[in-house]
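Engineer: Top to bottom, those sequences are chains W and H. Counting in full-length UniProt numbering, the first sequence runs from 1 upward without gaps. Counting in full-length UniProt numbering, the second sequence runs from 1 upward without gaps.
What the hints contain is simulated information worked out from the structure, not anything from laboratory work. If a hint is listed, it holds; no wrong ones were tucked in.
Derived DSS-like pairs (lysine-lysine); straight-line CA-CA distance at most 30 Å: (1) Lys332/W - Lys177/W; (2) Lys35/H - Lys187/W; (3) Lys178/H - Lys257/H; (4) Lys105/W - Lys114/H; (5) Lys114/H - Lys304/W; (6) Lys305/H - Lys113/H; (7) Lys253/H - Lys35/W; (8) Lys105/W - Lys305/H; (9) Lys113/W - Lys113/H; (10) Lys305/W - Lys114/W; (11) Lys321/W - Lys35/W.
Computed footprint of chain H on chain W; a stretch qualifies when at least three of its residues, placed anywhere within it, have a C-beta under 8 Å from a C-beta of chain H: (12) 13 to 22; (13) 73 to 80; (14) 89 to 95; (15) 99 to 109; (16) 273 to 286.
The structure presented is a predicted model; accordingly, all values stated were derived computationally and were not measured. In this text, a Cβ means the ideal position worked out from N, Cα and C, and glycines have one as well.
There are 2 protein chains.
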Amino acid sequence: MATIRDVAKAAGVSVATVSRVINKNEYVNKETEQKVIVAMQELHYEPSSLARGLAGKKMNTIALMIPDISNPFFPGLARGVEDVAQQYDFNVFLCNSDDLAYKEKSYLEILRKKSIDGLIIISNNVNEEELEPLRMANIPVVLLDRPFNEQNYSVVRSNNRNGAIMAVEHLLAIGCKKIAHIAGPEKFVTARERRLGYEGIVSQYSWYTPSLIEHANFDIEGGKQAVTKLVANNTDIDGIFAGNDLMALGALKQLIKLGKNVPDDIALCGFDGISLTELTQPEITTIQQPIYEMGAAAALTLIKKLKGEITETKIQELDVKLIIRGSTEKGKKLPLAT
Amino acid sequence: MATIRDVAKAAGVSVATVSRVINKNEYVNKETEQKVIVAMQELHYEPSSLARGLAGKKMNTIALMIPDISNPFFPGLARGVEDVAQQYDFNVFLCNSDDLAYKEKSYLEILRKKSIDGLIIISNNVNEEELEPLRMANIPVVLLDRPFNEQNYSVVRSNNRNGAIMAVEHLLAIGCKKIAHIAGPEKFVTARERRLGYEGIVSQYSWYTPSLIEHANFDIEGGKQAVTKLVANNTDIDGIFAGNDLMALGALKQLIKLGKNVPDDIALCGFDGISLTELTQPEITTIQQPIYEMGAAAALTLIKKLKGEITETKIQELDVKLIIRGSTEKGKKLPLAT
Numbered sequence: 001m002a003t004i005r006d007v008a009k010a011a012g013v014s015v016a017t018v019s020r021v022i023n024k025n026e027y028v029n030k031e032t033e034q035k036v037i038v039a040m041q042e043l044h045y046e047p048s049s050l051a052r053g054l055a056g057k058k059m060n061t062i063a064l065m066i067p068d069i070s071n072p073f074f075p076g077l078a079r080g081v082e083d084v085a086q087q088y089d090f091n092v093f094l095c096n097s098d099d100l101a102y103k104e105k106s107y108l109e110i111l112r113k114k115s116i117d118g119l120i121i122i123s124n125n126v127n128e129e130e131l132e133p134l135r136m137a138n139i140p141v142v143l144l145d146r147p148f149n150e151q152n153y154s155v156v157r158s159n160n161r162n163g164a165i166m167a168v169e170h171l172l173a174i175g176c177k178k179i180a181h182i183a184g185p186e187k188f189v190t191a192r193e194r195r196l197g198y199e200g201i202v203s204q205y206s207w208y209t210p211s212l213i214e215h216a217n218f219d220i221e222g223g224k225q226a227v228t229k230l231v232a233n234n235t236d237i238d239g240i241f242a243g244n245d246l247m248a249l250g251a252l253k254q255l256i257k258l259g260k261n262v263p264d265d266i267a268l269c270g271f272d273g274i275s276l277t278e279l280t281q282p283e284i285t286t287i288q289q290p291i292y293e294m295g296a297a298a299a300l301t302l303i304k305k306l307k308g309e310i311t312e313t314k315i316q317e318l319d320v321k322l323i324i325r326g327s328t329e330k331g332k333k334l335p336l337a338t
Numbered sequence: 001m002a003t004i005r006d007v008a009k010a011a012g013v014s015v016a017t018v019s020r021v022i023n024k025n026e027y028v029n030k031e032t033e034q035k036v037i038v039a040m041q042e043l044h045y046e047p048s049s050l051a052r053g054l055a056g057k058k059m060n061t062i063a064l065m066i067p068d069i070s071n072p073f074f075p076g077l078a079r080g081v082e083d084v085a086q087q088y089d090f091n092v093f094l095c096n097s098d099d100l101a102y103k104e105k106s107y108l109e110i111l112r113k114k115s116i117d118g119l120i121i122i123s124n125n126v127n128e129e130e131l132e133p134l135r136m137a138n139i140p141v142v143l144l145d146r147p148f149n150e151q152n153y154s155v156v157r158s159n160n161r162n163g164a165i166m167a168v169e170h171l172l173a174i175g176c177k178k179i180a181h182i183a184g185p186e187k188f189v190t191a192r193e194r195r196l197g198y199e200g201i202v203s204q205y206s207w208y209t210p211s212l213i214e215h216a217n218f219d220i221e222g223g224k225q226a227v228t229k230l231v232a233n234n235t236d237i238d239g240i241f242a243g244n245d246l247m248a249l250g251a252l253k254q255l256i257k258l259g260k261n262v263p264d265d266i267a268l269c270g271f272d273g274i275s276l277t278e279l280t281q282p283e284i285t286t287i288q289q290p291i292y293e294m295g296a297a298a299a300l301t302l303i304k305k306l307k308g309e310i311t312e313t314k315i316q317e318l319d320v321k322l323i324i325r326g327s328t329e330k331g332k333k334l335p336l337a338t
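Construct all of the structure, not just a fragment, from the sequences and the given hints.
Structural biologist: Right, here's the structure in full:
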């Protein structure tokens with residue numbers, strides 16, 4: 001069955017624009033509207049009944065628990081969850097846990113009491129015991145992005161270690177001789193996997209020392225602080241692999257402030273593929289996770305469980321992709337060799 | 001009573017850091033932790049019982065309905081709502097409506113059926129009739145940011161028209177001779193108020209023509225598209241007031257792509273005060289709304305209504321502030337006149 005995402009892709013517009021056409025909202029120009037309508041016809045796309053009114057519909061609701069609403073990666077996952085949920089007439093409640101265990105526990109309790117239909121959870125803190133009351137209440141749970149080590153739950157994640165390897169190999173390929181890593185907090189499995197990917201490559205080189213890893217929070221401020229320390233401790237680094245894109249944004253800002261040219265003095269690669277990495281000068285090379293697809297896959301898995309279409313648990317590990325941009329295009333302004 | 005925000009301010013750290021100290025999470029260095037503890041003692045701050053465990057607590061839940069989770073302005077409002085809610089032992093469900101009327105209606109119905117305690121809503125579509133079922137169910141509602149014209153609800157908003165006037169007067173003061181406006185969709189009262197503020201000033205000038213206003217969506221892509229049209233239609237514009245910061249980010253990106261120097265060819269001012277405006281080169285001048293405080297005020301009003309401490313409706317209009325940055329600092333690199 002075609003999804004709203006397929007229509008958007010076929011018409012070369014955003015999902016929001018397709019939504020606007022379906023709902024006859026403002027500010028879709030005629031030409032775009034026509035493209036969307038043609039794409040809907042070609043793909044035999046039927047907007048869900050929810051999209052066209054609520055008459056007689058059962059109100060289903062799933063929850064998505066995210067650790068940090070201010071990191072665009074998580075709203076990106078939510079976008080995928082929400083579009084699939086809409087397709088199947090589900091509402092989505094977002095629960096922003098701030099990665100705090102007590103907030104997560106509180107949400108789990110309230111979701112159970114409010115008889116939510118299902119839950120997609122992104123968490124480092126929650127374990128099987130804490131999810132047991134939901135299992136008892138017959139509320140299915142899918143683990144997204146940061147699964148705990150557990151066989152009884154379906155998991156959707158991306159290949160974090162592979163992505164880190166791609167980042168470091170790219171920095172080596174463009175000629176970097178000493179590559180540092182801004183690592184996220186060790187309690188996050190995603191941060192650990194990316195750090196391990198980095199170490200797996202660089203530990204083979206004589207220039208490697210553990211002081212090339214700087215831990216920080218997965219945010220802009222974390223990236224800034226880590227760069228300050230890295231540059232002070234390692235005067236000769238010429239490449240940085242940041243553990244996520246927010247860190248990379250902070251790192252770029254701080255490198256410019258320190259008078260470094262990016263990429264010629266220090267090349268920079270992030271991780272996630274959030275669109276903010278395209279707004280900076282230079283734009284930031286990154287390892288793109290299939291963010292929307294991860295959210296969509298988690299929602300589809302949950303809804304199929306709810307409908308009884310699948311009963312087994314499964315792990316879906318999605319591939320990541322290197323997106324090369326200005327922050328690693330060393331010497332791009334030099335004339336081509338003739 | 002001191003709030004977690006007061007503690008953060010006194011300690012010179014973020015609210016998240018104070019949360020980490022309270023909850024003994026990782027990655028707070030000793031020095032920072034000490035600062036936070038001292039600030040908590042000086043302010044006689046008591047973390048809410050929720051912050052220290054859930055034993056015996058009633059589970060209260062409010063909902064916050066936002067139109068666009070991908071615009072950091074709304075997560076910023078959510079931050080203020082959530083911190084106050086936590087202080088009073090309330091959970092917050094976020095409902096991302098994508099500004100679609102049918103999603104909002106669906107959420108209103110589900111929130112009523114799930115017996116949510118109260119609702120803060122940011123919407124252009126919802127009217128008094130649609131909120132009537134919540135009123136009948138004794139679920140109080142506070143309107144945030146984009147109120148409809150209604151006396152029966154408490155409202156928290158900022159002074160949008162004044163902010164627009166400040167933006168245009170600033171652009172005039174730095175010597176702009178022809179100022180364009182990228183306006184948000186007319187259906188948003190915030191967009192209309194900002195456009196009216198702009199027109200109120202510029203309509204006095206002989207250079208003003210209506211082609212200096214370009215409407216677009218309140219997002220990065222909208223800013224890019226509008227700039228392309230404005231520059232094509234008005235070759236001599238030297239200042240742009242963008243209706244929100246996402247548009248300003250897109251506008252800056254596009255201006256650079258078109259080979260324009262910002263601010264020397266075209267100066268640029270946004271509206272909202274989201275932190276992304278500090279990440280670009282140049283950083284973007286903006287009209288800063290008190291985003292966190294707006295969210296906090298809405299939550300406090302709702303919770304006081306729930307506790308029966310206030311019964312009347314009131315309108316809280318918060319002031320905005322001009323934040324001058326590189327995108328309007330024309331000729332900054334020139335030597336000072338002697």
